[in-house]
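Undergrad: The primary structure of each chain is shown beneath.
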Amino acid sequence: MEMFMMAAVMSLLGVAVCAALFAAATRGERVEASRPAEQPALAPQRFFASAPAAAAAGEPARAQQELVPVEALLLQIEQHIRLEQAAAESFLRTPTGQSLQSRTTSRLLN
Amino acid sequence: MTATLPDLLAGLAEEEAARVLALGRHSTLPAGAVLFNLGDAADSLFVVERGQIALTLPMKVRGKEQDVLIEERATGQTLGWSALVPPHHFTLKAAALVDSEVVALPRIALCAHLAAHPAVGYLVAQNVSAVVGQRLQVFQTMWLREMQRVVELSQA
Numbered sequence: 001m002e003m004f005m006m007a008a009v010m011s012l013l014g015v016a017v018c019a020a021l022f023a024a025a026t027r028g029e030r031v032e033a034s035r036p037a038e039q040p041a042l043a044p045q046r047f048f049a050s051a052p053a054a055a056a057a058g059e060p061a062r063a064q065q066e067l068v069p070v071e072a073l074l075l076q077i078e079q080h081i082r083l084e085q086a087a088a089e090s091f092l093r094t095p096t097g098q099s100l101q102s103r104t105t106s107r108l109l110n
Numbered sequence: 001m002t003a004t005l006p007d008l009l010a011g012l013a014e015e016e017a018a019r020v021l022a023l024g025r026h027s028t029l030p031a032g033a034v035l036f037n038l039g040d041a042a043d044s045l046f047v048v049e050r051g052q053i054a055l056t057l058p059m060k061v062r063g064k065e066q067d068v069l070i071e072e073r074a075t076g077q078t079l080g081w082s083a084l085v086p087p088h089h090f091t092l093k094a095a096a097l098v099d100s101e102v103v104a105l106p107r108i109a110l111c112a113h114l115a116a117h118p119a120v121g122y123l124v125a126q127n128v129s130a131v132v133g134q135r136l137q138v139f140q141t142m143w144l145r146e147m148q149r150v151v152e153l154s155q156a
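Protein chains in written order, with the working numbering: chain A, 1 to 110; chain B, 1 to 156.
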């Protein structure tokens, strides 16, 4: 009888220890599981938004320019020179500070 | 030649203009033919009789030298005024954009004629000054505009 009681107490004790350890282990998971719920929308949005945003900022302009064929680039340069000559001739006809500093529509600079 | 006189000879009587042009040698240039290269000895001044001549400067684009169009000269216009300005070296390259004809006026013969006919020389010098001065003013303005952009970029 004493042996039976001892085994029963030991079993109950073992179950209690297991339950306590289980509870302690699952509490950490619950805390971690609650964190991603706070930022699920931010992470993918930042991922997809980052490339176009950077492109708009002009950072990869060099990479884009390299995609332009040399012939097209030369045409842009010549167009720029023509526009600048026209702007210079316009300034010389009626010299004002405003016409000297007028903005260009050249694709080389815009 | 067109009914109107070339810009080099503006203001001259027709007979006087004909005498100046008679000093020259007519050349035909097929499209793409080079009239002169940058740095060549400038021994002749050219008047475009027909066609279109491109004036280009070499520019390095993606590591390779390319001819970039700076100006075009059409019928009746003059090019190659470096022939009259020391040290007599062309500062641009000239090539025909389309089939063209030019009159090449040798500097020595032209200067001798102008010295012998001071009234003609005076008008021709005025016309050359107009070509040179106009280009100087245009390029000075272009340079100022580029400098303005450099200043803006340096402050950005």
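Derived by calculation from the structure, the hints in this document are not laboratory data. Don't take each hint at face value.
Taking lysine to aspartate or glutamate pairs in the DMTMM-like style, the calculated list, with each CA pair at most 20 Å apart, reads [unchecked claim]: (1) B:Lys93 / B:Asp43; (2) B:Lys60 / A:Glu2; (3) B:Lys64 / A:Glu2; (4) B:Lys64 / A:Glu71; (5) B:Lys60 / A:Glu89; (6) B:Lys93 / A:Glu2; (7) B:Lys93 / B:Asp67.
If we take Cβ atoms under 7 Å as the criterion, some of the chain A residues that face chain B in the derived model are [stated by the list, open to error]: (8) Leu74; (9) Ile77; (10) Glu78; (11) Glu84; (12) Gln85; (13) Ala88; (14) Phe91; (15) Leu92; (16) Gln101.
Built from N, CA and C at the ideal position, the CB exists for glycine as well.
Undergrad: If a hint holds in the structure, say so; if it does not, say that too.
TA: Results of checking the hints against the structure:
no. : hint              : result
1   : B:Lys93 / B:Asp43 : 14 Å, holds
2   : B:Lys60 / A:Glu2  : 101 Å, violated
3   : B:Lys64 / A:Glu2  : 100 Å, violated
4   : B:Lys64 / A:Glu71 : 12 Å, holds
5   : B:Lys60 / A:Glu89 : 26 Å, violated
6   : B:Lys93 / A:Glu2  : 116 Å, violated
7   : B:Lys93 / B:Asp67 : 8 Å, holds
8   : Leu74             : 6 Å, holds
9   : Ile77             : 6 Å, holds
10  : Glu78             : 5 Å, holds
11  : Glu84             : 5 Å, holds
12  : Gln85             : 6 Å, holds
13  : Ala88             : 4 Å, holds
14  : Phe91             : 5 Å, holds
15  : Leu92             : 5 Å, holds
16  : Gln101            : 6 Å, holds
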